[in-house]
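Participant: Chain by chain, the residues:
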Amino acid sequence: MIVNGSGCLDALAAPDVARGLDVFVTKTVTPLPREGNAPVRIAESEVGMLNSIGLPNPGIDRFLVESLPELARLGIPIWVSVGGFSAPDYVALCERLDTRAEVTAIELNLSCPNVQAPDGGITELVAGARSATAKPLYAKLSPALPDIGAVALAAERAGADGLTLVNTIRGLSLEERTLAPTLATSTGGLSGPALRPIALAAVHACYRVSRLPIVGVGGVESGRHALELIAVGASAVGLGTILFREPGAPARVRAELASGLAALGLSHVGEARGIAHTQDVALLPV
Amino acid sequence: MRSRSRSGLRRERLSVTGAGPVGPYRLIRVRRGDLDPGEPGQFFMLTPRGHALPRPMSLCLAPPGELAFLIDPVGTGTRALAALEAGDEVDVLGPLGNGYRLDVDRPLLVGGGIGIAPLPYLAERLGGAPVVLGFRSERHAKAAALLPGAKVVVDPVLVTEALEPSRDLLACGPEPMLRALARIGPEAQLAWEAPMACGFGACYGCVVELGGRLRRLCMDGPVLAGHDVLAAPATTEEAAAA
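Chains S and G, in that order, are what the protein sequence lines are. Be aware that the first sequence starts at 916, since it is given in the numbering used here, and climbs by one per residue. Be aware that the second sequence starts at 112, since it is given in the numbering used here, and climbs by one per residue.
Keep in mind the hints are simulated off the structure, nothing from the lab. Beta carbons: idealized from backbone N, C-alpha and C, even for Gly. Any given hint might turn out to be false.
Label-pair restraints from in silico Cβ distances [to be verified]:
1. E196(G) / Q1194(S): 42 to 48 Å
2. Q1031(S) / P174(G): 49 to 55 Å
3. R1085(S) / L341(G): 34 to 40 Å
4. H1192(S) / G144(G): 29 to 35 Å
5. V215(G) / P1051(S): 52 to 58 Å
6. G129(G) / A1095(S): 33 to 39 Å
7. E320(G) / R977(S): 43 to 49 Å
8. E123(G) / E981(S): 32 to 38 Å
Sequences are here, hints too, so could you generate the full structure?
Facilitator: As structure tokens, this is what we get:
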């Protein structure tokens, strides 16, 4: 299954790109409208992209009235990413989405590096969301967590149905001539190739402790990259930064992944999931 | 009416047919492939080799079977694009954004610096029009060769001192120039620029504060009317000069 990383696609602006995915994940919706951060919002480094978009969105009220019905017309499953600043925010957002048939699943953005982190521990935030909806709940975690496996386990115990791994990791870039930070907020979220080994490590760690489905996201640009995430434990793969320069990437990555699986004598993703762990030398004592 | 969605995005790997200097800039010509040249003021995303993000470039010229882009090598990405030579390949996505309206009676094209880029194709599609160009140095002013017959001013003279305000202004250039033109002509068509990751409304990276709110240039622009920007707060430079 190929999805987009939340924030990396506006399906209403580019419906053809969204239709190339198996699932469309919305940009994060918050309780109130947000204009997002001041420009400059994007920068490039030698190893990827930095963004500080700041979750611009119409707020849950307008999203439900204006955006969601239009998104449903795309004809693909819609996962709604939600973000808040407290446990009651997540409860309220999930309650509003719970009754909407257009919503296949809810992704809890617990990890945006560009806005203030929500108050409350992962258990409180996920348990609050769980109490508010019967929809499948995916917890999207930050790769900056010191023990992401423990947090994944806490999310599972609090009622999460799946994990999305990973969000961007905080970084900074400087202007060539002035050495001033490029982004208006100075720091932003680093994505692209630099995130790939970080996402692999996060999925690897979480698969060890949790049997929840995992959407692996981070620097995927090819079928091989997708296959590696699956090998460490992802059950689905998200595309992010690559969509910006190559909107046709979903079809290419899907085809390359099928070839990669076939080369291993495998016929579907499920057979490849976690195979890296069966030959994992890190399990051995040093 | 501005388009809210982008259907039929086309991206192709195109071979470079030629490249050469134009003043301090470089004109890169690529085979057109199946890409449409679009309307003047629209842009294409060109991916420099080894870079995560493509760069937005307005179409400068549309010779038969080709597309030509004027590159100002000011950063790592634009330097990589400017280094392209005949026979190299480059990934190109487009055309994107909203270009200039061509239904004007008395057009006057105004360009500042690398903002000259979309004007040669615009002049061609208009069947010729008077042009005023401003540059910060005589070296940069050599790029005026792309628009023979243009009136050229060099810093400290400003284009606003050299133009006939009663005309229909179609402009591209630095932000202070565009804001000055917006005050002269609320109906002026002004092409803005911003860093962009995608060019088709996905990234929300290209917002510019215009008319008191943040606008995605790739979806609402890059060509906007003067009155769209009039309510905008003064830039830092303008505030300092006031």
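Participant: Which earlier hints can't be squared with this structure?
Facilitator: 4 and 7
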